[in-house]
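Sequences listed follow chains D and E, in order.
To convert, count from 1 in the first sequence and add 1; that's the working numbering.
To convert, count from 1 in the second sequence and add 73; that's the working numbering.
No lab work stands behind these hints, which were simulated from the structure alone.
Ideal placement from N, C-alpha and C gives every residue a C-beta, glycine not left out.
Be careful, since some hints might not be right.
Label-pair ranges, simulated between beta-carbon atoms [stated by the list, open to error]:
| id | chain 1 | residue 1 | chain 2 | residue 2 | range |
| --- | --- | --- | --- | --- | --- |
| 1 | E | Ser226 | D | Leu119 | 40 to 48 Å |
| 2 | D | Leu24 | E | Glu489 | 49 to 57 Å |
| 3 | D | Leu119 | E | Ala216 | 43 to 51 Å |
| 4 | D | Val106 | E | Ala638 | 32 to 40 Å |
| 5 | D | Val106 | E | Ala216 | 18 to 26 Å |
Pulled from the structure, derived: some chain D residues nowhere near chain E, Cβ distances all over 10 Å [as the list claims (entries may be wrong)]:
| id | residue |
| --- | --- |
| 6 | Ala168 |
| 7 | Val200 |
| 8 | Pro223 |
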Amino acid sequence: MTRAAASWRRLPRPGRAGLVVVLLILAIAVAGPWFAPYPPDASIGPPFAPASAEYPLGTDGIGQDVLSRVLSGGRSVLLLAGLATLLAYAVGVPLGLLAGYSRGVAGAIIMRGVDVLLAVPALLLLLVLATGAGAGAVVLVIGIAIVHVPQITRIVRAATLQTTGRAFIEAAEARGDSTARILGVEVLPNISGALLADVGVRFTGSVLLVAALNFLGLGLQPPASDWALMISENRSGISIQPWAVVAPAALLAALAVSVNLFADGIAQVYARASARRVEASA
Amino acid sequence: MSARAAITVRGLRVETTAGDGVVEGVDLEVAPGSILGLVGESGSGKSTVALALLGYCQPGLRIAAGVVEVGGEDLLALPERAARSYRGRVVSYVPQDPQTALSPSQRIGDQVRRVLRRHAPERDAPETVATIFGRVGLPADAAFARRFPHQLSGGQQQRVAIAIAIACEPSVIVLDEPTTGLDVITQARILEEVRRLGRETGAAMIYVSHDLAVVAESADRIAVMYAGRFLEHGSTPTILRQPRHPYTAGLIGAIPDHRRFTRPSGMPGVAVGVGEWPAGCVFEPRCEQRVPACAVQEPPLEAVSGDHVVRCLEWRRTPAFTRLERLDEQVERHAAPLLAVDGLVAEYGAGGARRGVLHGVSLTVDAGHSVALVGESGSGKTTLARCIIGLHAPSAGTIELEGEGLAPRARARGAEARRRIQMVFQNPYDSLNPRQPIERQIAWPARRLRGMSAAQAGEEVGRLLETLRLPDRSRSRYPHELSGGERQRVAIARALAAGPDVLVCDEITSALDVSVQAAVLDLLGELRADLGLSLLFITHDLGVVSAIADQVLVLDRGRICETGAVRAVLGAPQADYTRTLVDAAPTLQDASAGGGS
């Protein structure tokens, strides 16, 4: 607990605000469904009913309660975006480490593959994938992971390149340590700063891609309650009942901004810590 | 004297923005044409004083009090704009690292003219640049002035930096470690140049360095700094022959000298950092002649004789300075060498860009012996070390350990061969993993190469920490929490954890302060005796060689030009290159005899 408190004190103010909002949205997404006044997928009133005591945020186009759908619609976005980001790191980090460390053929092959993927526009790739393999959560997660992998690989590779020339890596090589140990124990902890600074951007990117695909109807399908899907479903009624669009849109925007603020804060704390380490060695 | 002084500093105090002192109560005067040497170890505040002489301080610091008077004007009282017109014109600065101080994208002639344009537009002409280059020993032709910094050698770059500093004929020149990072031969030439320029231009010079021997070769007077203060200040021969402050005496005793074969002795304790200044005398915690009063009262600068002043309550008790003779050399050679390198050829790059670094180097290291490999940067000495431990594959030649050939790459060698040869790297700031606690880093080689269990390795770490005189609580520390000397000892402990027979030491003391270097050298000498360790000691510093080596090999551009017993090689060098090296290496001997400056 004291460690958590110390970390909190070191976090710059925007980072703290970001963390609070992220936790708040997480809480809504996780616990929201239990507080929903109505089932999220039941028509319980007239379509596009304005906000009232009965329906605090009104109803949507088919008479479902907007508040209940907002409270239930966060899980899918966060879960899918989180899984996609995780998967992207699980693939991208080892590839980047290997590409940065092995100066031979393996590195060249990895980087050329990365170049090819980078040349394809993200949304186009996802559209092709969704039309080819069918819409659905699994395709969504894998597709978004594929979009992130090349960038993660490049960042990890650049950071690894800077580390591999250092004497403690050479000491490990002279000891005959395995490549896996050198990468995992000697290199990875020393590039985690560069990775951390980037996680926020990647996660936000995932959230926006999930939202975009759901909005385009290539991800989750209608009866599901989902913030992005809600925006898509209700945009025709935006002039009559704006809440059905504004509430989920605001939450998505707040999530994107706060995750970035928090990630930047962490990166700053980390940069300061390593600056201290550098100072101590100057 | 004060009427004639080119620069006068009184009561200078620099502190951090948080209010911790960095420099305290510094007074100095330098007469035109004379050189003041400012000596101190890292963290002593010497560079901060150097910058304050220009009325400047680094971000995070501020000049809290004091007067810096140049030509009757107090630089510190001037507004920043006015102070700028003084810098480069009246007081100029030669930085430590010309590689970062010169703009890489501007021709060197233009960089000199930029200063002229700012301060002396009437002299801004190519001819002026040629004249100035001529004065610092650079080619005076126009083609040379059109070069970029990267087309010059390190020595030439430093001469350009000096040319910029003297361009406007300032009355005060501050040189901050101008020869650190240069080869000894280049260093000797630059020092000569600095002395000559001092005489010719009549400028007052302040020469800042961590290296007392270098300062002793050029300065008329020396001020010794510690924890932001002058501890002792006097003429060069006086300071070197009759140091009255125990710190000065310790500093001189810590410097190995290739002309004398002394045993350098380290100083106990660690230098105090900013924000840790004790209440009384700043040196009290490390002092061997302290009395209770030392902890209470900061001693004033007291006159010993004439203009020799010392900040010590007990200076009368400081013992007369003596040196310890070194007597532990192994001279008898064994029949069968432990490590034998034969006809080693190594190159970097591939195809047409191939560049030879070693051209058939052969050497042997006997069991229990210490062999020094001496060479300047670019001589290939680090490449040789990398070949021996299997980090660089040689293109020809053999490396044998007790008669058995070793594979070129460490991975291809047996675990036993990797265990028996260990290397300690040059820079302890780079050779330890910053994100791993010390214990794990020392324990791993024992587990990996000696097959120890985690528990056994843990005990081994305890023994090694004790052997290297590191406190047991360093176990859980991370490298950045340790001082440079402690870090290098951890690096040595990590190498010893493998239980090696040969320890390859690549410039292992060059990143350390002299007092720390002395302690590390002392420790290595002990380890040799206790563990029967053989050392291959790679260095450019002949003083270090005289303190630790039995045999010497001199490496000149990838070829060995001289080998022999240490006293024979350093005492009566045969090869021309060795002779140049021995003559160029700074020594305290001449200066303390009064022959210097």
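Results of checking the hints against the structure:
1. Ser226/E / Leu119/D: 40 to 48 Å: holds (42 Å)
2. Leu24/D / Glu489/E: 49 to 57 Å: holds (55 Å)
3. Leu119/D / Ala216/E: 43 to 51 Å: holds (45 Å)
4. Val106/D / Ala638/E: 32 to 40 Å: violated (50 Å)
5. Val106/D / Ala216/E: 18 to 26 Å: violated (45 Å)
6. Ala168: Non-interface label fails for Ala168/D: nearest chain E Cβ at 4 Å, not farther than 10 Å.
7. Val200: Consistent with the label, Val200/D stays out of reach of chain E, its closest Cβ about 18 Å off (over 10 Å).
8. Pro223: holds (49 Å)
Of the numbered hints stated above, those contradicted by the structure are hints 4, 5, 6, listed in ascending order.
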